[in-house]
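These protein sequences, in sequence, are chains P and W.
So that you can map any letter, position 491 of the first sequence is 491 in the working numbering, and since no number is skipped, the others follow by simple counting.
So that you can map any letter, position 457 of the second sequence is 457 in the working numbering, and since no number is skipped, the others follow by simple counting.
Worth double-checking, as some hints may not be accurate.
Note: identical chains are not told apart, hence a pair may lie in one copy or across any two.
Restricting the straight-line Cα-Cα distance to at most 27 Å, the calculated cross-link-like pairs of lysine-lysine (BS3-like) are [to be verified]:
id : residue 1 : residue 2
1  : LYS458    : LYS146
2  : LYS66     : LYS326
3  : LYS47     : LYS79
4  : LYS373    : LYS66
5  : LYS66     : LYS223
6  : LYS373    : LYS62
7  : LYS373    : LYS475
8  : LYS326    : LYS179
Derived by calculation from the structure, the hints in this document are not laboratory data.
There are 2 protein chains.
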Amino acid sequence: MIPYTAPLRDMRFALHEVIGLDRVSAIPAFESATPDLVDAVLEEAGKLASGVLAPLNTVGDKEGAKLANGVVRTATGWKDAYAQYRDGGWNSVPFEPEYGGQGLPFVVATAVQEMWQAANMAFALCPMLNQGAVEALTAHGSDEQKSTYLTKLISGEWTGTMNLTEPSAGSDVGAVRTKAVPDGDRWRITGQKIFITYGEHDMADNIVHLVLARTPNAPAGTKGISLFIVPKFLVNADGSLGERNDLRCVSLEHKMGIHASPTAVMAFGDNGGAIGYLVGEENRGMEYMFTMMNNARLGVGLQGVAIAERAYQQALAYARSRIQSKSMANPAGDSVAIIHHPDVRRMLLTMKAQIEAGRALALYASAALDIGKHHEDPQQRRLGQAMVDLLTPVVKAWCTDMGCEVSSIGVQIHGGMGFIEETGAAQHMRDARIAPIYEGTNGIQANDLAFRKVARDKGEAARTFIAEMRGLDAKLAAAPGDDLAAIRAALSAGIDALDRATDWVVANSRSDAQAVAASAAHYLRLFGIVAGGSMMARAALAAQAGLGRGEDAAFYESKLITCRFYADQILPQAAGLAGVVTDGWRTVNAIAEDQF
Amino acid sequence: MIPYTAPLRDMRFALHEVIGLDRVSAIPAFESATPDLVDAVLEEAGKLASGVLAPLNTVGDKEGAKLANGVVRTATGWKDAYAQYRDGGWNSVPFEPEYGGQGLPFVVATAVQEMWQAANMAFALCPMLNQGAVEALTAHGSDEQKSTYLTKLISGEWTGTMNLTEPSAGSDVGAVRTKAVPDGDRWRITGQKIFITYGEHDMADNIVHLVLARTPNAPAGTKGISLFIVPKFLVNADGSLGERNDLRCVSLEHKMGIHASPTAVMAFGDNGGAIGYLVGEENRGMEYMFTMMNNARLGVGLQGVAIAERAYQQALAYARSRIQSKSMANPAGDSVAIIHHPDVRRMLLTMKAQIEAGRALALYASAALDIGKHHEDPQQRRLGQAMVDLLTPVVKAWCTDMGCEVSSIGVQIHGGMGFIEETGAAQHMRDARIAPIYEGTNGIQANDLAFRKVARDKGEAARTFIAEMRGLDAKLAAAPGDDLAAIRAALSAGIDALDRATDWVVANSRSDAQAVAASAAHYLRLFGIVAGGSMMARAALAAQAGLGRGEDAAFYESKLITCRFYADQILPQAAGLAGVVTDGWRTVNAIAEDQF
Chain P
1 MIPYTAPLRD MRFALHEVIG LDRVSAIPAF ESATPDLVDA VLEEAGKLAS GVLAPLNTVG
61 DKEGAKLANG VVRTATGWKD AYAQYRDGGW NSVPFEPEYG GQGLPFVVAT AVQEMWQAAN
121 MAFALCPMLN QGAVEALTAH GSDEQKSTYL TKLISGEWTG TMNLTEPSAG SDVGAVRTKA
181 VPDGDRWRIT GQKIFITYGE HDMADNIVHL VLARTPNAPA GTKGISLFIV PKFLVNADGS
241 LGERNDLRCV SLEHKMGIHA SPTAVMAFGD NGGAIGYLVG EENRGMEYMF TMMNNARLGV
301 GLQGVAIAER AYQQALAYAR SRIQSKSMAN PAGDSVAIIH HPDVRRMLLT MKAQIEAGRA
361 LALYASAALD IGKHHEDPQQ RRLGQAMVDL LTPVVKAWCT DMGCEVSSIG VQIHGGMGFI
421 EETGAAQHMR DARIAPIYEG TNGIQANDLA FRKVARDKGE AARTFIAEMR GLDAKLAAAP
481 GDDLAAIRAA LSAGIDALDR ATDWVVANSR SDAQAVAASA AHYLRLFGIV AGGSMMARAA
541 LAAQAGLGRG EDAAFYESKL ITCRFYADQI LPQAAGLAGV VTDGWRTVNA IAEDQF
Chain W
1 MIPYTAPLRD MRFALHEVIG LDRVSAIPAF ESATPDLVDA VLEEAGKLAS GVLAPLNTVG
61 DKEGAKLANG VVRTATGWKD AYAQYRDGGW NSVPFEPEYG GQGLPFVVAT AVQEMWQAAN
121 MAFALCPMLN QGAVEALTAH GSDEQKSTYL TKLISGEWTG TMNLTEPSAG SDVGAVRTKA
181 VPDGDRWRIT GQKIFITYGE HDMADNIVHL VLARTPNAPA GTKGISLFIV PKFLVNADGS
241 LGERNDLRCV SLEHKMGIHA SPTAVMAFGD NGGAIGYLVG EENRGMEYMF TMMNNARLGV
301 GLQGVAIAER AYQQALAYAR SRIQSKSMAN PAGDSVAIIH HPDVRRMLLT MKAQIEAGRA
361 LALYASAALD IGKHHEDPQQ RRLGQAMVDL LTPVVKAWCT DMGCEVSSIG VQIHGGMGFI
421 EETGAAQHMR DARIAPIYEG TNGIQANDLA FRKVARDKGE AARTFIAEMR GLDAKLAAAP
481 GDDLAAIRAA LSAGIDALDR ATDWVVANSR SDAQAVAASA AHYLRLFGIV AGGSMMARAA
541 LAAQAGLGRG EDAAFYESKL ITCRFYADQI LPQAAGLAGV VTDGWRTVNA IAEDQF
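The shape of chain P in the complex, shown without the other chains:
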């Protein structure tokens, strides 16, 4: 296994030069987030990620998490690593200072989280799910619930989970059957939940389950679901841990990847009902869950970027060290490292370019979230919120598909060694495969984008984003050099394609919803490619500016080449995709079920 090195220089470039972190730091709530502070945070996080978490990634894959007698044991070294993570204060980075959070911008936390996910995705899932619980309680918990649970979830002393899925309620969360009946000022919860990430483990003293359940006489479907806090150990009035609640981990799943992340089947109420506490109002559970789910979707999209970066580092190291065959440029010479072979270079650039585009897009969406939440100008807040809402499904689905593609290319670069588990490349590919599935499958994301995010406001948010991308054109036109001209032309053609497809989605979402649903995945992919292309255009302008300043020429040249590669090899897919979106759907709904 190749060590992980946090890509600090790339992250700083993306934050400061590409997506404009200064727009966020200028918000009064974030005035402490100076560039120096941000860089220091990234550097420290990088040490923990590469020094502590990354070396445990292989250990976790091999050992997995194990259930025995109701107790889940994480892999060797994980408890200690979690203690270091928690004691370093890393869990509290993006949360509100009122309950012990550091109050750093979400976009900075995103960059930090990329490191945890890249270093050890199975580990990083624990804080990621905890973050969802924190967000849900911050937004919807009572003061008492906040003082009892939130402080310890933010410190990381306890961890949180999201208990949504049941055997018959996957994508259709409204089909939840777990029951909650009142019992004084508390509730009794009974039911079974599946796919509960870190539903049981040994890294924290308590686990705070957020559970979706149905109260008596609740309306059918999503409108009859309520959200409950169901702690593993009940909490005494003085904050100490009391008795064990009536819930248990029944089994752990045997998965293709993220072996070390315990995916639990949880049974609630086998002995009379687990004690639960209603969050907010009855029957508003779905709405509350979406509070946390949206940010979790950005987090999962980021996993795609992170695992791709990890796979890239692994493949790059191999390509630099593996000697095989002569160079075409010097057939009479010695055999060379395979990084000198054009097809290997093409594969590495395909990885690199998409990682950089995906990272910038995820950070851009995260900055929009900060602006949407904290900007002092309500108009800016509205715009920021609209952008993060629009881009969330794109980041989730496009970046996770990319994570799968890139980690598979990583295997390919290793040749036969890539298929051997000891090499480590295969683990990244296996780990990456979950991200297009959970937190709403990428098919769900595509529908979310097309119907809720684009069509519902008649394309307003999408057109705002498109206009913003078109705004780059004048800058690209004014910049010197062939590369910028090529990038400008490719981006412009890409935006035209996205524009056409967007018009079609808006025009047909009501009159022919099934056609739009059939094309939604292609539309999302097109959106991702073009949005990523706009990030690469910003990066190219920043690189050009850097070169103009005479700084760090090799770095900025590399960035420029990578942006040009994206324009030459990735953006040209856009035109074909737009045609598929608008004209390719007919057969999808024409074939009968028994004709498959």
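Place chain W on chain P using the hints.
Below, chain W alone, put in the same frame as chain P:
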């Protein structure tokens, strides 16, 4: 795990109606291969595949092959399954009658082999490698070698292996260091080989290793490699087994997939040198190896089709049975099976269309091989050989990339269940991942296509194939209906794109070889998409004809819809790819090694 059903109706359609098996059956050598016989062979093979081999696929994945004290034990039930396969005469299907083969066309053997590979890829690798050994000995062995080894390899009593790879000699086979020194009329072999598929196992009495090695004073590189027969047990003059040869399995690899296929590290000559017998002439080993490698490459391409078919059957069964969410067509109704959701239908059609295109292309190339070998007209033989040479890298790489894509879609259709190993979808994806790597990585295939198969004859073979595809245009124009018109337009645009890209490859292969190498993978993908599109156009014409005969309407309509889907959703990638081929390569060779 979902049972496997051999797609007999689809195979018969592909053989008889799409690729024109009658062209092969008309060759005198194959006059016994009547349609009825072929159909009977397919049906019987289907029984063994689905009844015996397929149920062992999961067993093999879980147990793997195990090495202890130099002995490799295959998984539970495998020895017996191999005995049934062997005793049924299945191993001898495509081989020459002179040594006990059944002398059926290679194209029929290809259809049969798809079933083994789909039912149980890890199992089917054993006969696949054996087939390579048979072909090499048939073409280059002495009469004595043939009578000693060939009969038993053809019957399947013994199995054969290909020992090419060494730690420093992977894609660069010329770097082989294993030594052979003369010892009377035999040779003594010493060296280590890696990645030897079924290098050791317990399913046959003897294993005949074909080993590449260097004789004393041999020229450097590929011109100094010779091919040796190195049997596990020496063979006495009467054909009985004699003493154990000086070779052993040192270890087995721990792989991402095909767990049950023992991938051996083989040590030859630890105790003075393994006894080997030279095949043909010294220093011509590479040439001989290519005899077997080319057919093996078709076989690996077929694995892509096969595993995709298996993954499709699994996903289809799940999509028909998994109830989740309302149908968009009837939001007030009950929840429906997910096959009614447009995005799931799109995914299923993406699988189905590419499988059918890939299967037809693999069969078409196999038929060309039969014509190239056995047609009575030398002009037809030359043409057939040119076509199979041209299409071999396309079938190998395009179909195996497709196998990965399709098996990954299969996982996605299962949602969370796809990531759980017990479901079985993940195994197909893990198994499929090796196929783009072995038997020449897909990058090697791309170079083979661009430089050896297209540029070397200045595009003659490629243009012959393109002209053949263009020949479909008049038929498509004459056929009635929107579907055929849409297919005609998409195919025509695709061929134009391939034509442009081919001109560019031919024009630049000498003057700018590095540019061509940088674009070769895209060129191969473009070639595959368009060649596959031409197969789908043939299929559409055949379906139209079937509908015209008033037969089996649901089947032929389904075929027509699937072909239209391919034209609407897959072929539109061609234009963009052609642009990437001709104009996208500049950055690939521009970036410095330390700028990655």
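Hints versus structure:
{"no.": "1", "hint": "LYS458 <-> LYS146", "result": "neither (39 Å within a copy, 75 Å between copies)"}
{"no.": "2", "hint": "LYS66 <-> LYS326", "result": "neither (48 Å within a copy, 37 Å between copies)"}
{"no.": "3", "hint": "LYS47 <-> LYS79", "result": "within (18 Å within a copy, 52 Å between copies)"}
{"no.": "4", "hint": "LYS373 <-> LYS66", "result": "neither (40 Å within a copy, 58 Å between copies)"}
{"no.": "5", "hint": "LYS66 <-> LYS223", "result": "neither (37 Å within a copy, 54 Å between copies)"}
{"no.": "6", "hint": "LYS373 <-> LYS62", "result": "neither (41 Å within a copy, 50 Å between copies)"}
{"no.": "7", "hint": "LYS373 <-> LYS475", "result": "neither (29 Å within a copy, 62 Å between copies)"}
{"no.": "8", "hint": "LYS326 <-> LYS179", "result": "between (67 Å within a copy, 22 Å between copies)"}
Hint compliance for this structure: hints 1, 2, 4, 5, 6 and 7 are not met, and every other hint is.
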